[in-house]
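K.L.:
Listed here are the chains, written in short residue letters.
Number of protein chains: 2
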Amino acid sequence: MRTNHRFSWEISYFTPPEHPKAWYPATVPGAAQLDVGKALGLPDPYFADQAKEWAWLEDVTFVYRTGFRRDDLLAGQPEGTQVWWRCGGIDYRWSVALNGQVLEQGEGMFRPLSLRLEHLQDDNVLEVTVFPVPKVAGRPNDRSQASASTKPAVSYGWDWHPRLIPSGLWDDAWFEVRPQPVLELVNFEPGLSADLSVARFTVDVVWDRPLPGGIHQEGRVRARLREAKGEAIWDASQAAASDAGFGSGAGKGTNARFAGTLHNPQLWWPHDQGTPYLYQLELTLEVAGREVDRLVRTVGFRRIRLVTNEGAWNEPAIFPKTRSVTGVQFEVNGRGVFAKGTNWVNPEVFPGTLTAGRYEELLDLAVGANFNIVRVWGGGIVNKEAFHDLCDQKGLLVWQEFPLACNNYPDEPAYLATLAREADAIVRRLRLHPSTALWCGGNELFNSWSGMDDQSLALRQLGAICLALDPGTPFLPTSPVMGMGHGPYVFRDDAGQDVFEVMNKARCTAYTEFGVPSPSSVAVLQGIIPADELWPPLPTTAWTAHHGFDSWQPTTWLMPEVIADYFGPADNLALLIDAGQTLQAEGYRYVYEEARRQKPYCSMALNWCFNEPWPCAANNSLVMYPAQPKPALAAVRQACRPVLASARYAKFRWTEGELWEAELWLLNDSPFDIPAVTVSAWLDDGERTLLATWPCPALAPGVNAAGPTVRWPVRSGGPVFRLMLEVDGAADWGSEYQFRRRNLVKVQEGTARMNQTETREAL
Amino acid sequence: MRTNHRFSWEISYFTPPEHPKAWYPATVPGAAQLDVGKALGLPDPYFADQAKEWAWLEDVTFVYRTGFRRDDLLAGQPEGTQVWWRCGGIDYRWSVALNGQVLEQGEGMFRPLSLRLEHLQDDNVLEVTVFPVPKVAGRPNDRSQASASTKPAVSYGWDWHPRLIPSGLWDDAWFEVRPQPVLELVNFEPGLSADLSVARFTVDVVWDRPLPGGIHQEGRVRARLREAKGEAIWDASQAAASDAGFGSGAGKGTNARFAGTLHNPQLWWPHDQGTPYLYQLELTLEVAGREVDRLVRTVGFRRIRLVTNEGAWNEPAIFPKTRSVTGVQFEVNGRGVFAKGTNWVNPEVFPGTLTAGRYEELLDLAVGANFNIVRVWGGGIVNKEAFHDLCDQKGLLVWQEFPLACNNYPDEPAYLATLAREADAIVRRLRLHPSTALWCGGNELFNSWSGMDDQSLALRQLGAICLALDPGTPFLPTSPVMGMGHGPYVFRDDAGQDVFEVMNKARCTAYTEFGVPSPSSVAVLQGIIPADELWPPLPTTAWTAHHGFDSWQPTTWLMPEVIADYFGPADNLALLIDAGQTLQAEGYRYVYEEARRQKPYCSMALNWCFNEPWPCAANNSLVMYPAQPKPALAAVRQACRPVLASARYAKFRWTEGELWEAELWLLNDSPFDIPAVTVSAWLDDGERTLLATWPCPALAPGVNAAGPTVRWPVRSGGPVFRLMLEVDGAADWGSEYQFRRRNLVKVQEGTARMNQTETREAL
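If you read the sequences in order, they're chains A and B.
Residue 606 in the numbering used here sits at position 606 of the first sequence, with consecutive numbering throughout.
Residue 483 in the numbering used here sits at position 483 of the second sequence, with consecutive numbering throughout.
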């Protein structure tokens, strides 16, 4: 059996032709910058604008080293025992050397390394050199510097991410002692019959060297599938003496393929559609009847398709006709599923510090918000294994992008070769996860600010790699594709339309990014902005470094002028935050519900964005760094309930004398039959008025119902009025909406317009 | 040196469990149906509706056989001489046997066969069995029967193609005697530098067996590039004794790769942009200093890209934003080229009868019409080599589709494997032609009547194959893609809009199908319709079998009611034809010119369709079967001149009292600077009126100019008036447009509306 060993690491940095001088303790996994920053006492990069003091670390070379004695690993081990150094990936350009001899060098953080260490000495040093972060020459200090590499572009600066670029040993690294051959699972393909009643699956396995043996003493490889409760339901083994096919690259070839059949498999479902059932796949390698290696991992049976959205084939209707829109309706195990979710960004500026615990904390918030999908946005990293294990377990679909975003990635051979290596490693790793629901080339690549198009060799290559390695999972070249929409990103746009008006006019197959910003809560702000700059927020202060100002448009995320227009001038920070967070909650709630009303033509709603990599002063996120929900998360949780009473209305603010109206809906994404219910609509502007009761008929699974439009003449009163929808016998399907009211006041004109009385609006 | 031999063929047919009985002479290349039909005296399938008497031939099995004596091939040949049977492809499911032993069997007509014949007897029989045409079970007798095969769907019946399905030995077949090894060219990649000044090309060559030799007697392979006038400008050779890499499949591996550099290569251009320059690539194989094989073929240096159309990045403008449209602007050798051309369909119902002569006759008409591109539509065949050689020579770009059209081709492994084999063969053959400008998955696959979408494994696979084998040529999954338009297909639509109105409102990046129908000329009609059915055309007659009626909509192609509305009731066939052909000419002329006015956002105009596979009674074709131009071809030739004066106007028919108007343009697709000219606009309704003179400024290459709008109050007069545009000093840039006039007449109402005079329209 293999054993794993980890020794402590040190780190140094230098700029050639200099050499490493001082060595500091290093944390692995982690980030070279954090180790050196800590050693040198650099200031907290998350406070005020201190991140800029870390900028010089982009351009130095780091060296990690770890020392070990041969006996630390091999004492007591039999002859022929092998030692390997393994690592989940090195960020970004790297070289690995043992005792001064380079073992391998490369580019790209997503390729796991398995290096056999031969010729060990009594005392050994393994060194990992990490070169300066990649930057395309001649570009400004922005994301375009990442446009010829697979380095996630977000670290080069985004409108909610600081310019702060990590590198180094960002994933686990260990020494593996192998007295005997060891196994690796190459692929598990859960081939389901059309009616899902039979799984004809395959299991592909490799091992790392020819097994000892002969006619009478063969090795055997064995594969077993166990139910969650541990019972083996399938068991197969085959002779493993042959080394035919071996040597086609670590983890690339197939030494043994098992083909199994399972009747009535329990299926993996997104959590809101069923149980995300996982089986245990157990692989063992036996030599002369003795088990020498064992691997266990979870696998699932599911079929995920993207199909054409209902109604989309009816378009276009007139000549000349272009094509119909790209189908983006998820169908999971034969059932159309409305995808409710969010855009997942790096939860840390330094992703090397990410732990399973942090992943779980965030993913639990996502599941708690009734999300069934996360889009892992192409500007960020491909996550560590723990993320995908958790999504498997929690029944969250994963839309996985490759690391391309908002750049024009070139048709150059060197870049294409790096991308191919990285993509190969990414697909081979994530295809084993039943939660992997969609491959996507990257973010907004077919829009002007990226400038790529359908002929991009990078995207064509990604399509070919996904087809070759994971043909059962859909692929899209980018988001948005034809018919899909990104935006809006504000509560009210420059034309004065609020997000309700924009969404009512929109007609997309999927809203895969839409944002409503808000300021962060006081505690977060106090942690990043000097006390004397907290109030009032000004563009000349630390508010700007944390994206309160001058991110995208001057006041996009903090939007003090919008808040003031709706709520009047805020005279303290708490009021500003409360107002901004109210807008965010009402705005997000509406978008999710409106997208659901547009079902089945619309099939997806993913807000921009879920989380954030550092504490932002203001952002579209639902969850503040590191994992603190904003009030909007609760509103979104309400909007994404499987079944709820919902209202469609024109806008957020109404003026006295206007005829307010709202359509009543019952939204149903549930896989169950829904009984007939009665919905009562109450208007509360201090006193409650019953506007209508609606006997909503029973509903088939996944089908919405549209009810009556209710009306109410807006009368003068307080700044807020509310609509309450109560569902008889299903209290938790009820909903509540908030509106702002503008009262009219009589204004007496001055001398120029004597005797003329005008009606003016006032807050 | 190899020698080729052809022996006569016989054919028989049977239905298992029967066996072949009678044998008839067979023509190879040809079609099994034609041989048997001739032998049995079946009636001419092109006359009236007699094609239906050929229908039973779909479901029989054919056997071709050819006999030869070993001495016919091998007498006098040295020991070790090999005999191969080669064939361009067998349509569609087939098996090849020598003396009763099956050598190979397969499916698909586009895969060339090279079969080594071993163990020859004194007397030998080679048999080719051709199985019944593929039909998906349970489908009606229409194109959907072809939806799980690579059989071109058009033969199953289309609205301009009879149901008449060919099969058999449709391309050349011969015996090849090889006393020595023979060569094959695998690939020639013309890698051009960014500025096109340097070609770094590669030449990949295989030979069919290890060469004899040793240290002192090696084989050599030699490659030479010659200019058109014969001078060698590059010459390289290398040892060829090694058989490393051999055996990776006939024509698939690479035994030798040459890398060459050529400075200032002469480029291959579409004929309207420059010279379609071709070099001779000469390959020889030498053993012990003696040449044993030689291959010569033409190659060209060009770079073809599809880039985003000018203006397309400005869209979409509002949130939510979807992607920008698919870029479809051809850029040839760095220059944006407006693609003017046509949809090429099978020129024969039985493509096996196609000759280089027929191809040339038709392609000369295309070049003569000022077309620079042909779209080889996916409903039909991939053409024989002669077609592509001619396109290379004549400077015609080829948009090449795979054989998928208007069906939902499945994600099934058997179909995908057949498609992959066929596509591999197609791409390997056509990538050697510089005229191959675009790969396309097939016709209208992303529209409702096909029902495929971006996740189709067939289309993803085609993209991957094209990327792997021919990455330098663009790929589109289908036509239309986003932003591209198909249609309209009539002069006047059901809403009463004529094609001028439709096109003026359209805004596409490319019009890749648009049709205006007309009846065929009298001589054609007399050849296909019984004399007593010629007049009047009725749906109950042979007019219908030849698509005059009930193709698509009841009267779509013949449109007698539209003709009658514009021209009055026709009282004889000649008048009907003349009127219909006038509408076609005026309609097509306008679409090409309007598409050119929409440049640069629009980059392409391809009418539906160029030719036809049999004599149609009425069709959108510009050329009647077999190669007779309709009058519209001359009008299109005028519309596609590199430079012309052009007019934009609202509609074809004007009523007395209306204010007629037209915008004046100078359209310029030429690669040259255009001098300033003066354009005079004359209105001729019996007398000539000068409406305006426009001093058009000098124009840069490829740039249009928009001039003044001229106006004229329509007065009563004859049924026709014309606009003449004359260009001072460039008479051949002048244009003339025809309009129909409706006069108003006073109608006295009857008793019910006494004393009331109404104005009515009359023809």
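Take these hints with a grain of salt, some might be off.
One copy or two, it doesn't matter: identical chains are merged, so the pair holds either way.
To be verified - Each computed SDA-like pair below joins lysine to any residue, with the alpha-carbon atoms no more than 25 Å apart:
| # | residue 1 | residue 2 |
| --- | --- | --- |
| 1 | Lys21 | Ala97 |
| 2 | Lys321 | Leu115 |
| 3 | Lys505 | Ala317 |
| 4 | Lys38 | Ile304 |
| 5 | Lys321 | Glu310 |
| 6 | Lys394 | Glu291 |
| 7 | Lys21 | Asp195 |
| 8 | Lys651 | Gly718 |
| 9 | Lys394 | Glu176 |
| 10 | Lys321 | Glu291 |
| 11 | Lys394 | Ala48 |
| 12 | Lys321 | Ser95 |
| 13 | Lys394 | Asp272 |
| 14 | Lys321 | Trp449 |
| 15 | Lys229 | Val299 |
| 16 | Lys505 | Phe319 |
| 17 | Lys651 | Gln266 |
| 18 | Lys52 | Trp552 |
| 19 | Lys321 | Arg597 |
| 20 | Lys52 | Asp272 |
| 21 | Lys651 | Ala317 |
| 22 | Lys505 | Glu315 |
| 23 | Lys505 | Val727 |
| 24 | Lys229 | Thr284 |
Rather than coming from a laboratory, the hints here were simulated on the basis of the structure.
Just so we're clear, the structure is a prediction, and the values are computed from it rather than from any experiment.
K.L.:
Where does the structure disagree with the numbered hints, that is, which hint numbers, in rising order?
P.N.:
Violated: hints 2, 4, 6, 7, 9, 10, 11, 12, 17, 20 and 23.
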